[in-house]
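Taking the hints into account, I'd like the entire structure generated from these sequences.
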Amino acid sequence: MLADRSIAYARYVDRSRGLVNRKIFVDPEIYQVERENIFGRCWLYLTHETQIAKPHDFVNVFMGEEPVIVCRDGDGAVHAFINSCRHRGNKVCRVDAGNTKAFVCPYHGWTFDTRGDLQGVPGHRDLYFGELDRADWGLVKVAQIASYRGLIFGTFDPEAPSLEEYLGDMRWGLDLLFDQGDFEAVPNITRWSMDVNWKFASDNAIGDMYHGAWSHRSAMLAGHISGNGTRSASIKPPQRDNGFTMVTAYGHGFNANYLEAAAQLDTPLAAWRKDPAARARLGELRSRVNRANMLVFPNLFVNSGSRELMLRNPFGPERIEIWKTILVDKNMPPETRRQQVRASNRHFGPAGMFEQDDGENWDQSTAGARGNISQRYDLNYSMGVGHGTFVEDEQSPPRIESLYNENAQLWMYHVWAEFMDAESWPQLRAEHDEPRGVL
Amino acid sequence: MIASDRAALRDLQYDVEQFLYREADLIDERRFDDWLKLLADDLEYWMPVRSTRALGDEGNEFAKPGESALFDDDKESMHQRVRKLHTGYSWAEDPPSRTRHVVSNVRIESMTNDLVEVRCNFMLYRSRLAADEDLWVGRREDRLRRNGESFLIARRHIYLDQVSLSSKNLSVFF
Chain W
1 MLADRSIAYA
11 RYVDRSRGLV
21 NRKIFVDPEI
31 YQVERENIFG
41 RCWLYLTHET
51 QIAKPHDFVN
61 VFMGEEPVIV
71 CRDGDGAVHA
81 FINSCRHRGN
91 KVCRVDAGNT
101 KAFVCPYHGW
111 TFDTRGDLQG
121 VPGHRDLYFG
131 ELDRADWGLV
141 KVAQIASYRG
151 LIFGTFDPEA
161 PSLEEYLGDM
171 RWGLDLLFDQ
181 GDFEAVPNIT
191 RWSMDVNWKF
201 ASDNAIGDMY
211 HGAWSHRSAM
221 LAGHISGNGT
231 RSASIKPPQR
241 DNGFTMVTAY
251 GHGFNANYLE
261 AAAQLDTPLA
271 AWRKDPAARA
281 RLGELRSRVN
291 RANMLVFPNL
301 FVNSGSRELM
311 LRNPFGPERI
321 EIWKTILVDK
331 NMPPETRRQQ
341 VRASNRHFGP
351 AGMFEQDDGE
361 NWDQSTAGAR
371 GNISQRYDLN
381 YSMGVGHGTF
391 VEDEQSPPRI
401 ESLYNENAQL
411 WMYHVWAEFM
421 DAESWPQLRA
431 EHDEPRGVL
Chain F
1 MIASDRAALR
11 DLQYDVEQFL
21 YREADLIDER
31 RFDDWLKLLA
41 DDLEYWMPVR
51 STRALGDEGN
61 EFAKPGESAL
71 FDDDKESMHQ
81 RVRKLHTGYS
91 WAEDPPSRTR
101 HVVSNVRIES
111 MTNDLVEVRC
121 NFMLYRSRLA
131 ADEDLWVGRR
141 EDRLRRNGES
151 FLIARRHIYL
161 DQVSLSSKNL
171 SVFF
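In order, the protein sequences belong to chains W and F.
First residue of the first sequence? That's 1 in the working numbering, and the numbers climb one at a time after it.
First residue of the second sequence? That's 1 in the working numbering, and the numbers climb one at a time after it.
With a Cα cut of at most 20 Å, we get these calculated EDC-like pairs of lysine to aspartate or glutamate:
(1) 91/W / 136/W
(2) 91/W / 113/W
(3) 64/F / 335/W
(4) 91/W / 57/F
(5) 330/W / 184/W
(6) 75/F / 34/F
(7) 101/W / 57/F
(8) 54/W / 61/F
(9) 141/W / 117/W
(10) 64/F / 161/F
(11) 23/W / 195/W
(12) 64/F / 184/W
(13) 236/W / 208/W
(14) 330/W / 67/F
(15) 91/W / 117/W
(16) 274/W / 182/W
(17) 54/W / 57/F
(18) 75/F / 141/F
(19) 101/W / 49/W
(20) 23/W / 36/W
(21) 101/W / 58/F
(22) 64/F / 329/W
(23) 141/W / 113/W
(24) 141/W / 65/W
Hints in this document: simulated from the structure, not taken from any laboratory.
Below is the structure:
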């Protein structure tokens with residue numbers, strides 16, 4: 001059992017009492033292990049297929065702290081490799097996006113093609129005596145890449161299971177968004193950094209409905225309406241049964257609230273809800289969902305309501321950079337597309353009416369984990385512990401019929417410990433827990 | 001150019017500069033309700049996202065209207081932003097940011113009877129809590145509409161020099 005509390009990392013998470021040790025949010029040594037066992041192993045989101053639409057299109061992204069070029073070769077096949085010349089380690093590409101047939105290192109001129117293979121070495125014949133084997137010195141390839149519904153993922157671990165297996169039941173959750181239409185990425189990525197441990201941002205995504213009415217109270221009182229087109233600016237006391245929670249193996253999960261009976265669905269942004277084909281794809285349960293905040297473990301937040309992908313990449317134990325991408329339905333009328341983008345621009349991002357307060361609070365959570373005395377006192381994730389009963393029926397993969405709980409967050413920390421304690425993917429696959437019974 | 005045109009231009013330059021300085025002071029003094037009165041009903045307040053592009057590809061540096069933006073606002077949403085500050089629950093601004101706007105290089109690009117197109121550079125410094133600091137630097141393209149002795153801001157396009165912001169939020173006004 002990976003969850004044995006005598007094991008190195010499982011002891012930081014107490015599932016029966018709902019406690020998480022503060023040290024895991026700031027400790028540099030724990031972070032170094034996360035770089036190997038989580039960001040070196042998991043499937044990580046890279047980019048959306050439409051952001052590299054044409055042959056030789058590329059984007060520069062990060063997998064954990066590793067800079068990675070994702071590009072299409074001349075035939076349109078997708079490749080991903082570490083953006084670091086094998087000669088002295090310099091970046092061979094220092095721009096965020098573009099179209100090119102070659103990546104040339106600015107230091108000595110080693111030149112790589114869009115498959116990451118080394119093609120040109122100045123002085124190869126005379127200075128290297130023709131002895132340098134170019135085939136051995138290509139850019140380091142990401143071990144596996146695959147995509148799901150337009151989202152391209154990569155993993156550095158050749159032993160990782162397929163992306164399909166890794167996502168597992170989370171595909172049913174992601175389809176809450178992707179079955180709404182046919183999506184493309186809006187050009188350009190909003191990027192900003194803050195002094196936050198990446199896990200605080202992830203645990204907010206997977207299951208923190210609790211913070212909404214308080215953290216974002218000022219935006220709601222001011223009359224701000226989020227971008228999902230279902231107008232309801234009222235602030236109601238939290239209703240536990242007004243939605244459901246789902247978690248999966250390998251740490252993914254989401255919380256989904258139902259449409260209010262009085263929700264106005266006559267807005268252009270909600271028009272897809274009247275499309276019988278979309279409703280058929282989604283089925284009855286998912287058609288009732290107003291919005292789901294979803295986490296693809298470890299660090300991708302997906303919002304099915306206002307339709308954003310928010311990647312929170314770690315740069316040290318107390319630093320993340322957020323990359324926000326807006327998705328729109330290719331078939332939307334231009335004015336509806338404009339309306340959705342405008343709503344998203346006002347909602348999420350550093351100036352977002354909602355998100356400016358998230359930055360403040362996650363920064364404070366991280367600061368609160370630094371004290372050596374504070375670290376003796378665990379954080380409280382006990383909401384709903386012992387009450388998270390999984391319903392198993394034909395409507396969905398196992399789900400908890402509760403919207404307000406910390407079951408999903410605690411589950412994420414449990415899986416975090418599984419990854420940290422496992423020696424390898426084969427061990428993780430054999431010994432990980434499936435979410436069943438009662439959380 | 002005849003002398004009276006030059007004098008009129010100097011007067012306009014002076015009026016525009018004084019307006020921009022007063023406006024910046026209103027924000028730094030947190031007199032946001034007074035600041036809102038300077039916004040025209042058809043305000044367009046926009047700060048596009050930026051990316052690093054290769055030489056020759058600068059045309060793709062800034063996101064275009066309708067794409068990703070940090071501010072994509074109109075008068076009503078700016079009023080919402082100010083209302084948010086007054087609610088008592090605006091955690092990013094309570095305790096408040098201490099801001100300092102430095103507006104410079106003010107240049108009148110063109111004018112008609114009604115409108116003045118103005119470019120300027122800005123530095124916006126923010127201090128918060130004990131020692132949090134942010135510095136945002138860039139240029140603005142403002143469209144001012146004459147309003148009696150003063151102006152209203154009809155359009156403000158804000159082009160930051162930074163690509164990835166080293167700030168946990170942008171809960172301030174530019």
